[in-house]
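Student: So the chains spell out like this:
Number of protein chains: 2
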Amino acid sequence: MKAYTIQHLHQLPTLTDHELPSVNDDLALIQLTASALNHRDIWITKGLYPNIRLGAVMGADGCGILDGQEYIINPGLEWGSNELYQSPDFRVLGVPDDGTFADFIAVDRKYLYPKPTHLSSVQAAALPLAGVTAFRAIIKRAQVRKGEKVLISGIGGGVALFAMQYAIALECEVYVTSGSDLKIAEAISLGAKAGYIYHDPDWPKKLLSDAGGVDVIIDGACGIGFNQLVKVCLPGARISFYGGTAGKIEGLNPQLVFWRQISILGTTMGSDADFNDMIDFVSMHKIVPIVDIIMPFDAIPDGFKKLASGNQFGKIVFQH
Amino acid sequence: MKAYTIQHLHQLPTLTDHELPSVNDDLALIQLTASALNHRDIWITKGLYPNIRLGAVMGADGCGILDGQEYIINPGLEWGSNELYQSPDFRVLGVPDDGTFADFIAVDRKYLYPKPTHLSSVQAAALPLAGVTAFRAIIKRAQVRKGEKVLISGIGGGVALFAMQYAIALECEVYVTSGSDLKIAEAISLGAKAGYIYHDPDWPKKLLSDAGGVDVIIDGACGIGFNQLVKVCLPGARISFYGGTAGKIEGLNPQLVFWRQISILGTTMGSDADFNDMIDFVSMHKIVPIVDIIMPFDAIPDGFKKLASGNQFGKIVFQH
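Chains A and B are the protein sequences, given in the same order.
Residue numbers for the first sequence follow this note's numbering, beginning at 470 and rising by one.
Residue numbers for the second sequence follow this note's numbering, beginning at 470 and rising by one.
Check before you lean on any hint, since a few could be wrong.
Repeated chains share a single entry, so a pair holds when one copy, or any two copies, can fit it.
[To be verified] Derived lysine-lysine pairs resembling DSSO-like cross-links, with alpha carbons at most 27 Å apart:
(1) Lys579 to Lys675
(2) Lys755 to Lys471
(3) Lys579 to Lys717
(4) Lys675 to Lys717
(5) Lys579 to Lys755
(6) Lys615 to Lys662
(7) Lys609 to Lys774
(8) Lys471 to Lys674
(9) Lys674 to Lys615
(10) Lys579 to Lys471
(11) Lys515 to Lys755
(12) Lys700 to Lys609
(13) Lys675 to Lys775
(14) Lys662 to Lys515
(15) Lys662 to Lys609
(16) Lys609 to Lys471
(17) Lys662 to Lys471
(18) Lys674 to Lys717
(19) Lys579 to Lys515
(20) Lys515 to Lys774
(21) Lys579 to Lys674
(22) Lys700 to Lys717
(23) Lys774 to Lys579
(24) Lys717 to Lys471
Hints listed in this document are in silico derivations from the structure and should not be mistaken for laboratory results.
Isolated chain A (complex conformation) (with noise of 0.2 Å):
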């Protein structure tokens, strides 16, 4: 079968004739019709994740068909039996497992979800590895209400458009920031009440102005401008950030926290049953993900080189 495997770090994944993954009663052999590409498939091929094992498929996130069933694959592997946090085993699928960035792959069948019926197999393939992330971060860690007001930082990746739509669907109010003036256009065009350019020192300030702060943030930069989020927080708000591409916080006032009865929660992926009540949740309220762009399975590379470049508004999404 076709498949793009990590050969040598720092290079592209490369197209490799690879052998049909081997099954048995509980792997079940998957025709993949679609695959998404993760900032995660980019720091692997960069070196800058542990396990890597050169000579597997790459990809995590996939749609398929098993008897004529479409079906989404949750690609969190040996979750454990705690909600609170991953056992050790816990890993995701594409490196060191064999991943989706192929004709087929092998899945225990616990992993398989029935494709929602609202969504085509490029839009279901969007979905696994950000939206259940989003799901712990708002849902299941922030635990959003309805009606709230809530923050995005940094729209237009993933898990920060999935965060929205979750937020949306609850009949939040959701503001955003970017670097974009178009990402912020488009998040408002999707149901964000207003955005805000995150080089702006005087953001939170407008923020404020508009929405008087807010219930609920989730951030995947932390570093300095922590603080900023910090400052617009109402009282008992819930900060969930799943990632740390700006860097370490620095120069947080403990006051600012405390008094106002903020909770700062560390997420990342998601178990068993975020992955479940994820997948119940986009049914329910026929949430459907935003793809930036289609590209053929030969493509996969320069879906890379567009996902690095960091223009993407939604997932890039690979059509098998």
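Fit chain B to the known structure of chain A by using the hints.
Tutor: Frame of chain A; chain B shown alone:
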């Protein structure tokens, strides 16, 4: 009546001949039998608190008699209806409202709780503000569970000691930090498993070697040492902090937090429900507050000096 009032900033409270408070159907006149000191009282004399009313009677903690029954006073006034955070009207008894360093106090009956029968007046007076702050921090916010591993930083202070006692009551494995070998020895004699001098940069390694890490941390310091707290967290750990005496949090590595699904929870004081549940918990587990010293009412200014020295282990209580 006799009362210790704040007459000038940067001075100890002054013994004053104060008018007996007026009462009505809601306000009951309590004859105080004991009161206790908090760091808050010192900060007020230094002008480090908003809404300081010169001439007001100081003191948040107290126990007293009404119609032959002894009561503990909940010092948290007007928390409001939201359990997540205090209302803008929230304030603590003792400046600007007249407090407990007096012969009598007028208190709304809803803030009166019958004194647990296993406590003396002096012990009961030691409980309110530190007791409820610790209860919200470890029970409500960190949601400590029976048998978990718990670290209490800066043992010896009122909140830290109550948090330790609550954790021990829940059969937790409790570890402490302190600047003093003597305080660590006292904590161990009360049931802590081990303690570490926080000036020793290797204390996290020692704790990791002894305990493997902790599930819950209760901290009142923050500052640069906060990173050492994060280092000893087990996956899914909760850090509740109720103060920031060591200043801003610097250099916090987001990866260490989100990958291990750690929650960092700001907390202060407690709601009426927190206070009620704290009294029930203390009664059920027969928890006896740690009292450093019992001083006569007239020695209240000496109590301020003693607390400022930082050498106390437990509460400084005044017998009226």
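Student: Each hint should be assessed against the structure and marked as holding or not.
Tutor: Do the hints match the structure? See the list:
1. With identical chains, the CA atoms of Lys579 and Lys675 are never at most 27 Å apart, being 47 Å at best within one copy and 41 Å at best between copies.
2. For a Cα distance limit of 27 Å, the shortest separation of Lys755 from Lys471 qualifies neither inside one copy, at 33 Å, nor across copies, at 69 Å.
3. When the C-alpha separation of Lys579 and Lys717 is checked against a cutoff of 27 Å, the pair qualifies neither within a copy, at 37 Å, nor between copies, at 46 Å.
4. In the homo-oligomer, the alpha carbons of Lys675 and Lys717 lie at most 27 Å apart both inside one protomer (25 Å) and across protomers (25 Å), since each shortest distance falls under that limit.
5. For the identical chains of this complex, Lys579 and Lys755 are intra-copy neighbours only, at 24 Å inside a copy versus 48 Å across copies, given an alpha-carbon limit of 27 Å.
6. Taking the shortest alpha-carbon separations for Lys615 and Lys662, only the intra-copy value of 15 Å comes in at or below 27 Å, while the best inter-copy value is 44 Å.
7. Proximity of Lys609 and Lys774 under a CA criterion of 27 Å is satisfied in neither setting, with 33 Å inside one chain copy and 47 Å between copies.
8. In this homomeric assembly, Lys471 and Lys674 never come within 27 Å of each other (Cα to Cα): the closest approach is 53 Å inside a single copy and 49 Å across copies.
9. For a Cα distance limit of 27 Å, the shortest separation of Lys674 from Lys615 inside one copy, 25 Å, qualifies, whereas the shortest one across copies, 44 Å, does not.
10. Within a single copy, Lys579 and Lys471 get their C-alpha atoms as close as 25 Å, which meets the 27 Å cut-off; across copies the closest is 73 Å, which misses it.
11. In this assembly of identical chains, the alpha carbons of Lys515 and Lys755 never lie at most 27 Å apart, being 36 Å within a copy and 58 Å across copies at closest.
12. Within a single copy, Lys700 and Lys609 get their C-alpha atoms as close as 23 Å, and across copies as close as 24 Å, so both meet the 27 Å cut-off.
13. For a Cα distance limit of 27 Å, the shortest separation of Lys675 from Lys775 qualifies neither inside one copy, at 32 Å, nor across copies, at 47 Å.
14. Taking the shortest alpha-carbon separations for Lys662 and Lys515, neither the intra-copy value of 37 Å nor the inter-copy value of 44 Å comes in at or below 27 Å.
15. In the homo-oligomer, the alpha carbons of Lys662 and Lys609 lie at most 27 Å apart inside one protomer (23 Å), although the nearest pairing across protomers, at 34 Å, exceeds that limit.
16. Proximity of Lys609 and Lys471 under a CA criterion of 27 Å is satisfied in neither setting, with 38 Å inside one chain copy and 54 Å between copies.
17. Taking the closest pair of Cα atoms, Lys662 and Lys471 never come within 27 Å of each other, the shortest separation being 44 Å inside a single copy and 58 Å across copies.
18. In the homo-oligomer, the alpha carbons of Lys674 and Lys717 lie at most 27 Å apart both inside one protomer (23 Å) and across protomers (22 Å), since each shortest distance falls under that limit.
19. Within a single copy, Lys579 and Lys515 get their C-alpha atoms no closer than 31 Å, and across copies no closer than 62 Å, so neither meets the 27 Å cut-off.
20. For a Cα distance limit of 27 Å, the shortest separation of Lys515 from Lys774 inside one copy, 13 Å, qualifies, whereas the shortest one across copies, 59 Å, does not.
21. Taking CA atoms no more than 27 Å apart as the test, Lys579 paired with Lys674 passes in neither setting, with 48 Å inside one copy and 39 Å between copies.
22. For a Cα distance limit of 27 Å, the shortest separation of Lys700 from Lys717 qualifies both inside one copy, at 17 Å, and across copies, at 15 Å.
23. Taking CA atoms no more than 27 Å apart as the test, Lys774 paired with Lys579 passes in neither setting, with 33 Å inside one copy and 65 Å between copies.
24. Proximity of Lys717 and Lys471 under a CA criterion of 27 Å is satisfied in neither setting, with 41 Å inside one chain copy and 53 Å between copies.
Consistency note: the structure conflicts with the earlier hints numbered 1, 2, 3, 7, 8, 11, 13, 14, 16, 17, 19, 21, 23, 24.
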